[in-house]
Amino acid sequence: MIDSLTQWLFSTDQLMPHGFCLLWRPDLVWTHVAADATIALSYFTIPLFLVTLARRRSDLLFTWPFYLFGTFILLCGTTHLLSIISFWRPIYGLEAVVKVATGLASIGTAILVWPLLPRLLSLPNREALQRVNEELEQRVAERTEEVERANQQLTVLLQEVHHRVKNNLQVVASMLRLQQRRFADAQLRDALERSISRVHAMSLVHQALYGSTNFVSVNVGSYMRKLIEYVQQADPRVAEVKIEATADDTALPIDQSVPLALIANEVVTNALKHAFPNQRAGRVRIAVATEGGKVRLEVIDNGVGAPLDQSGAGEQGGRGFGMQIVHALAQQLGGSARYETVAGGGAHFVLEFERQDTPAERARGAGAAPVETAAAAAR
Amino acid sequence: MKAEPGDRLGRADGRELRVLVVEDEGLVALDLASIVEQFGGTVIGPVASVSEALRSAAQQPPDVALMDIRLPDGDGIDAAHQIRERHGARIVFVTGNTDPETLLRIGKFGRAPLVPKPISIDGLKRAIQRACRDPE
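Protein sequence lines correspond, in order, to chains A and Y. Using my numbering, the first residue of the first sequence is number 1, and each one after it goes up by one. Using my numbering, the first residue of the second sequence is number 1, and each one after it goes up by one.
By construction, these hints were calculated from the structure, which means they are not laboratory data. Warning: the hint list may mix true and false statements.
Incomplete in silico selection of chain Y near chain A, CB under 8 angstroms [what the hints assert, rightly or not]:
no., residue
1, E25
2, L27
3, G96
4, S120
5, G123
A quick note: this is a predicted structure, and the numbers were derived from the prediction, not measured. A virtual CB, placed ideally from N, CA and C, is assigned to each residue, including glycine.
Based on the sequences and whatever the hints tell you, model everything.
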């Protein structure tokens with residue numbers, strides 16, 4: 001069985017090479033051979049192109065037509081190759097089989113390709129895609145505008161909140177002062193005065209926020225200068241005392257600004273009230289600096305040396321009340337407060353604490369990491 | 001802070017200083033009024049809006065007007081212009097607004113001291129005195 005099949009395919013007995021039909025005329029034979037050779041070569045490379053395309057873009061809607069076309073073109077090429085061979089070797093059996101295979105592949109493709117037509121026709125053309133793109137771009141632009149507007153509104157609102165808080169604190173201060181007037185007792189009036197001063201120190205923080213550009217962090221240096229202005233105009237008796245502030249560009253979030261403000265207010269007011277008796281002239285220096293994430297506030301005066309601990313006589317409501325406040329606030333900041341010994345008189349107050357990130361810095365830190373990883377992955 | 005005798009606010013002719021208080025925050029207005037009285041002035045008001053301020057100034061022209069800038073029905077600086085022009089009152093601005101734009105407008109207004117909030121008693125008194133000292 002196999003023998004007869006092999007014979008049928010490959011036997012060339014009694015069969016005439018095709019060249020005989022062309023009377024071996026070289027012009028005819030070589031033209032045919034050249035043509036067949038060119039066609040065979042092309043029909044072997046074009047399927048390569050189709051298969052390469054199908055494999056590289058495996059995301060295409062369908063890849064089987066490419067393989068199908070590739071197959072029948074390849075087989076076509078093979079028939080032309082066999083055509084060349086049969087000029088000299090009449091292997092018409094093999095040639096017939098290959099032709100049949102080619103025929104099947106071709107008719108298969110011809111039939112199977114038609115159902116694809118509606119699907120292919122329904123694909124959007126370039127114009128439609130461009131239109132969709134433009135529409136999307138416009139929607140994105142509109143959304144961006146909406147978001148920017150909302151953002152602006154939020155900024156205005158935040159500004160308003162700080163203004164409101166500052167106003168409310170002012171109302172508290174006014175209430176305390178109205179209350180103060182009802183008492184003749186000097187101790188009570190003084191106590192209320194200290195409370196008013198503390199409320200003002202807080203109010204100034206919100207004023208600084210209201211006037212700031214980002215509304216969430218306070219530039220400590222400029223706050224200290226405002227505090228000094230207020231303290232000086234509140235008590236003209238201390239005209240002989242110069243108060244100055246030196247600060248780097250430390251900016252703190254609200255949660256840290258308010259306790260810091262209250263501590264500074266406490267220490268400076270105490271120095272003004274008790275360190276320069278009898279119209280004594282002098283100087284109070286406030287210094288703020290951040291180094292390696294640690295914030296340091298110093299209040300140095302060249303007065304008679306009256307740190308908070310020992311000013312029980314001036315501070316109504318119990319000894320060392322002011323220092324109690326300072327310690328409580330320092331603890332709230334997670335830091336420490338102390339008076340250092342000063343050679344030659346005067347007082348040297350030091351507060352140290354770790355700086356916290358503002359909400360914006362925290363958000364930037366959280367958002368930055370994923371973006372960086374994606375960028376790294378894209379490289 | 002108690003008022004010292006030399007601290008009293010008064011006109012050159014010995015009459016008491018009439019001060020119109022324009023402030024919409026009730027307790028702050030009360031506070032301002034009581035500071036003025038503490039230093040011997042006479043308080044007109046307090047009034048809480050531009051319209052009330054103009055009406056009051058027309059009925060009882062004040063010597064000095066303490067003007068809040070942000071009022072519910074209008075701008076304090078504009079109202080101050082009118083009060084100064086029509087009635088010759090001196091103006092002292094009392095405000096929490098210290099943004100650059102406002103400061104510029106106050107500067108242009110001219111000859112009107114600014115008392116920032118939080119108000120200090122001494123600051124307010126000196127501002128009123130300064131406004132009064134200003135030659136017409």
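Results for each hint:
Hint status for Y/E25 relative to chain A: holds, with the closest Cβ pair at about 6 angstroms, below 8 angstroms. Given the 8 angstroms rule on beta carbons, the hint for Y/L27 holds: about 5 angstroms separates it from the nearest Cβ of chain A. Interface hint status for Y/G96: upheld, as the beta-carbon distance to the closest one in chain A is roughly 6 angstroms, under 8 angstroms. Checking Y/S120 against chain A: minimum C-beta separation of about 4 angstroms stays under 8 angstroms; hint holds.
At about 4 angstroms, the closest approach between the beta carbon of Y/G123 and any beta carbon in chain A falls short of 8 angstroms, and the interface hint on this residue holds.
Checked against the numbered hints above, the structure breaks none of them.
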